[in-house]
Amino acid sequence: MSLITVTDVRKSFGANEVLKGIDLEVEAGEVIAIIGKSGSGKSTLLRCINGLETINAGSISVGGAQLLTDDIHLRALRLKVGMIFQQFNLFPHLTAGRNVMLSPMIVKKTPEGEAEPLARNMLERVGLAQKFDAYPEQLSGGQQQRVAIARALAMQPSALLCDEITSALDPELVNEVLAVVGELAKEGMTLLMVTHEMRFAREVCDRVVFMHLGRVHEIGPPEEVFAHPKTPELKQFLGMVQ
Amino acid sequence: MSDFSTWDILRNLLLAARWTVLLSLVAFICGGIFGLIVLMLRTGRSAWMRRCAMGYIELFQGTPLLMQLFLAFFGLSLVGFNVPAWLAAGLALTLWTGAFLAEIWRGCVESIPKGQWEASSSLAMGYLQQMRYIILPQAFRVAIPPTVGFSVQVVKGTALTSIIGFVELSKASTMLTNATFAPFTVYGFVALIYFALCWPLSKTSQALERKLNVAHHGH
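Protein chains in written order, with our numbering: chain A, 1256 to 1497; chain B, 19 to 237.
Calculated directly from the structure, the hints in this document are not laboratory data.
Be careful, since some hints might not be right.
What the hints assert, rightly or not - List time: in silico DSSO-like cross-link candidates among lysine-lysine, alpha-carbon distance up to 30 Å: (1) Lys174(B) to Lys132(B); (2) Lys132(B) to Lys1363(A); (3) Lys1441(A) to Lys1363(A); (4) Lys1364(A) to Lys132(B); (5) Lys1292(A) to Lys132(B); (6) Lys174(B) to Lys189(B); (7) Lys132(B) to Lys1275(A); (8) Lys1275(A) to Lys1485(A); (9) Lys1292(A) to Lys1485(A); (10) Lys1490(A) to Lys1292(A); (11) Lys132(B) to Lys229(B); (12) Lys229(B) to Lys189(B).
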């Protein structure tokens, strides 16, 4: 069975239908890039999978946890799937280490004695072991984003959603974050990422989803999608970004 | 005529000022706790509770404190509860303070970026956990200056309780004027005592505002 199943999901903001029936199945360990113009619904789709947006129709499940609107189901879903944001969203009043430790401690009731080595371990994984006691404002954007990745990993999710995680970074900082994501992909983490980094998508991803006007317009392995786009919309989009 | 010396007047006023301070503290502390509960309801997930909290805030912000004191004092005795003046004064001021603080703090909570809610949600935290560990610690810094500033309003608000017969600074001053026929001396002292209570609070509020504007994080 697929790890993530999205079935005929529809989402409207007022009269504006942003997702017009999305079907998507993601296997465990798959790395998927979602590309498309802004306004095509790609970020909304990710936010729906994490329950940050309510859906108007259809269903979403991750590892057997169904997306429903009550707190218990939402919590169960969010324990399965972590999210990383464009703006990092670190907690500014806590050190990097505490950012990573907090949720295991209060949500999973991990004792502090176990949460701390876990956090050190996760920060080491993203190459920031020495920044345990630094506050977010003392870190560069790239470092902050890597702490955010460590924070999500500390909850040991089955899948990670990455919402344009390099878009707010200075160009020279993009690669350090992509390198961490590339490592995760190699280790077999299931990744669903909205990205504008086409080269990265081509090299790392198993499948590429091209979204257009709220629908999955084209889907396939990167070599096929990038080298032989079938629809004029994808051709035009690739022409713009490459 | 009376043989009140200036010192007698001042001494009696200072003794009465203790009640002004005590009533202010009770109203501020109880109102603060109550305001925090109202804040949680006001920013919580239940639409029904949000409406209740909003109704309460609007009611107490939209009516004069004097009317609230009258209702607490005379209203309660009308329905059979004979409340002493100090209790009615404490109760009305607590409810009044709670409504204002809840609204001040709501603004502070709403000033925290939406991303903080989303990140903590995505880490599977519940509403109370988000409030306690993420939102309130950050809102607290923003809230200190206006909260201290509002405490000045509470101190001045206690003066109204003189009308329902609670003997604090203002009530004592009326009584002393009646006894001494020296209104200028009495009210002059009263004004000075209120000023001595409120001015340091205003200054503290301004200093905190400057300090917190410079250093956004306390480390």
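Structure-based check of all given hints:
1. Lys174(B) to Lys132(B): violated, 37 Å
2. Lys132(B) to Lys1363(A): Roughly 24 Å separates the two Cα atoms, so the pair holds.
3. Lys1441(A) to Lys1363(A): holds, 27 Å
4. Lys1364(A) to Lys132(B): Answer holds: Lys1364(A) to Lys132(B) is near 25 Å, not above 30 Å.
5. Lys1292(A) to Lys132(B): holds, 24 Å
6. Lys174(B) to Lys189(B): holds, 13 Å
7. Lys132(B) to Lys1275(A): Since the Cα atoms of Lys132(B) and Lys1275(A) sit roughly 26 Å apart, the hinted pair holds (cutoff 30 Å).
8. Lys1275(A) to Lys1485(A): Cα-Cα ~21 Å, so holds.
9. Lys1292(A) to Lys1485(A): holds, 17 Å
10. Lys1490(A) to Lys1292(A): holds, 12 Å
11. Lys132(B) to Lys229(B): holds, 25 Å
12. Lys229(B) to Lys189(B): violated, 38 Å
Hints 1 and 12 from the earlier list are contradicted by this structure; the remaining hints agree with it.
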